[in-house]
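Asker: Protein sequence lines, in the order shown, are assigned to chains A and B. Per my numbering, residue 1 is the first one in the first sequence, and the count goes up by one each step. Per my numbering, residue 391 is the first one in the second sequence, and the count goes up by one each step.
These are computed hints drawn from the structure, not numbers from a lab. Just so it is clear, CB atoms sit at the ideal spot from N, CA and C, and this is done for glycine as well. Keep in mind that the hints are not guaranteed to be accurate.
If you anchor each label on the Cβ, the simulated ranges turn out as follows [claimed, not checked]:
| no. | chain 1 | residue 1 | chain 2 | residue 2 | range |
| --- | --- | --- | --- | --- | --- |
| 1 | B | 441 | A | 160 | 45 to 53 Å |
| 2 | A | 32 | B | 519 | 17 to 25 Å |
| 3 | B | 402 | A | 153 | 55 to 63 Å |
| 4 | A | 153 | B | 526 | 45 to 53 Å |
| 5 | A | 82 | B | 414 | 31 to 39 Å |
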Amino acid sequence: MSSPDATGRENMGAEAGRGEVDGRPILSMEEMLLNMGPQHPSTHGVLRLILHLDGELVISVDPVIGYLHRGMEKIAENRTYLQMLAMMSRMDYLSGIFMEWAYVRAVEDLMDLELPPRAEYLRVITAELNRIMSHHVAIGDFMLNLGSWTPFFWTFRDREIAMDLIEMVTGQRMMYNYMRVGGVRYDLPDEFEPACREFLDYFPAKIDEYEKLITYNEIFLSRTLGMGVIPPHEAVSQGLSGPNLRGSGVKWDLRRAEPYSVYDEFDFEVPVGTWGDAFDRYKCRIEEMRQSVRIIRQALDGLPDGPVNVKTPPMLRPPAGSIYRAVESPRGEWGVYMVSNGGLRPWRLKMRDASFVAISMLPRLLAGNKIADLIAIGGSLDVLMGGTDR
Amino acid sequence: MNRSFTIDEARTRAHELLEGLAVAISHEHGVMVIEAAAAYLVETMKILRDDEVFSFKYFNFMGGADYLDHLEAVYLLRSMLHPVMVEIRVRLDRDAPVVPSVTSLWEGANWHEREAYDLFGITFEGHPDPRRILSRPDMDVFPCLKDARPHRKTRAEWKWTALDAPKRLPGEPPRRERS
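Just chain B, same shape as in the assembly (with noise of 0.2 Å):
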């Protein structure tokens, strides 16, 4: 394992790496930290993963972030030669969160794009599955956002209706009809 690699190394190298792709490099609590922008971000994950130096071979997660004014996908990356984790944010518009699906790199991102997308409402283009995963599939909000609120029925949704109401019985008296 090569322990001496520092973060400044990897930065450097990344700057190499990515020149003219990623937008900024930068590092947090031990984390080197790659903005990417939305059109190059297959291209920025394939040049990390199948560098020599860097290795990134290792999916760990993707998910997203709200940031009100924006959202963001995080991904997260680690590689087996060296203990330098890589971050690549991606900025998204809140209103059309739309990126590319990083599952024709990764096998394993699909769980975790479908994951972000059921909390977040990320479309991940050319995702093989684009389905919700936790949450029920019929669901109307993408309750991560931070203005998610819960669908609350309304009183005509929770109206009583004739056909649910129990059949009455010989010599019941009648029900009180509900408004």
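So here's chain A without its partners, still in its complex pose (with noise of 0.2 Å):
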């Protein structure tokens, strides 16, 4: 069988079953070439999928992306650091945070700059806080995915108070723009801590409620246990990250492998799943929450007093070198590599996003399984084509 070119036009129903190998017919099999998406609702954006189908029976995928791909490799060559900082937010679009804190651990470790404890605090609070808004869009649209509207609703009700604080430190919902090279653009103001305080009181209960919605859910169990198995050698060896490679049990979270800013100050842990199942993904999701919620706790005990950003100039021209730098986003490690000749915009900007691996991985884990079931693996994975396509 040949594969279908990126446009899948030219083999779309010329190759079911006919056509010979070395002159002799191939028996006719009913295969099925079916196109998924890019506007299917349930591929979690602009993914497209090419399905050969046996009756039910995935037999290959090909996934083709591209389809929100903006060059944002490219624009950032032509932008200065601070304008193209108001761009990374719009990569992976549910974890804004995440996306602006790499790019500017990046700018500032070339620079050496060293920031103000205060501004490190701010950042591990708001980054919790959209890690949860992320998850719960993840197991909401994961469970929307399976057929179930409720935990939609309830995911996207708490989600919305989680709006509510990051808006009251940000300005924003969504495109959040709030880090800076040296800090952050804002100091919270003083309704936040009594508000946080009031959400991390309430919230774990609702995870609480969640799982007594979802987890134990015989329908739920029977569609994801046992499904999209990732072995853990294979996930290391693609390169997954977040959690789905923790999912697999291989405890990998950045924040403790390697702790950035100030994480190693706070103690959480790091949740793994035993089988690397679809289950085993959503568990991880649910579990590293209530992690969240204990990190901002702790962060807004022990938070300094003192300036949120340092002084740098309005022009930034960072040393002539190249530079890594990820952090633990919600869908695992987005990295930044970043090489810059010593002028005023970045010479080259790559970005390395957990989702774009995960997809890569779909083929094999589809192939051989029911089409109902790639739904259902396909939504565990928490793949989001913003940051994939970049």
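With the hints in hand, could you dock these two chains into one complex?
Answerer: Shown next as structure tokens:
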């Protein structure tokens, strides 16, 4: 079977069971070529899957990406460092804080900037709030894919509160543009801390509620247990990261493995799964929300006083060199590889996204499964096209 | 986790392991940088991956970079045993950028190499699926090259042809021919 080209047009319907090999006709098998996406509601954005089906069975999958490709890596080369910062949260738009964070870390480390401790704490607080929000979408959408409406509303109800909190700090609900090279843009408003503490008291009980609703639901279990199993060695050689890697039982979290910012001051667990199936990945996200609550609480308790940023020149000129800095985003390792030539603009900005890696894993995960399980497996990976296509 | 493993020790060990293979070994901002030759790339990577102390088993990403006089293929590998990362740089000829594919060592390299081909036109020898990934398959430039310019349609390409023109309705005055 020849693989279709990226448009799939030439092969569409042309090869189903016809043709010959070495002059002998191939035994006709009822193979169907089905195009799924890019506007399919359960592909989490504009992901297109070209499916070869044998009835209900998926024979092979060819993911086609690039429908959200905005050429950010090229755009970066034509913008100053500060201008590009405003674009970063447009990459993986559900976890914009992390996109900005990796970027400013790269610039700061190139410039050898020392940050005030309060700035680091504010970064951690907003980032962990953002992680909770992103996992809300991940879990809500995953359940929506499986045909369950209620969890989606429950998670989005609580996501709204977290969103209000982050809007209080950054002034934005999605495209935060909160980080600055050398700190953060705004200090916390006075009303943030009581509101945030209220949320932290309210939220863990809600996670228990999600678990009551979802985790031991028989339908959910039968659709996720043993689905899309990723063995740990495969996950590592593919370069998976985040809950997808930890679901396979690999205890690897950048916040612990190479503690950046002030994460080494906080006490939190890195939840890992056992089997590496869709259920374990879901469970890792649930547990991570609990850990995020713990981290925010500790950060609020230990929040130091002081300035929230250091003075930097308006036109940044980091010294020449190349640098790679990564943060643990809700979807995994988000890394920025930056080459500076000492000028006003980055010479090269390469972004490493975890969803890109997770989608590249789909052909191996989906082959041999039923088409209904394709939704469950794809949803459990929590891919987002904004980061994938950049 | 072996925290005591410093970057200088890593460099010493890399020097021992890659005797005669690597062009230069240095470090930059906490990442060990190995400059390798394209011909020995797979061999170098295999040594780094299979070494028990280094154990660079995690393929982080690979990408290209354009330095005007040459291109570079950049590979970043991680180990799960110690926090030192390694960056492998391969200098490529700008006119014919060819580098062996490392998909035989890490399956995860597949899409990253497709992306480097898509953006920089780097050819990966032995790649199982050398197609564009982010851009349209019929695109004729490699957009991240510094001298890449978008293809502008010439006047001839935009020309209004008689076939494209809508049919004239009965009673409608004849359209003026465009030159």
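Asker: What are the numbers of the hints the structure violates, in ascending order?
Answerer: Result: hint 4 breaks, nothing else.
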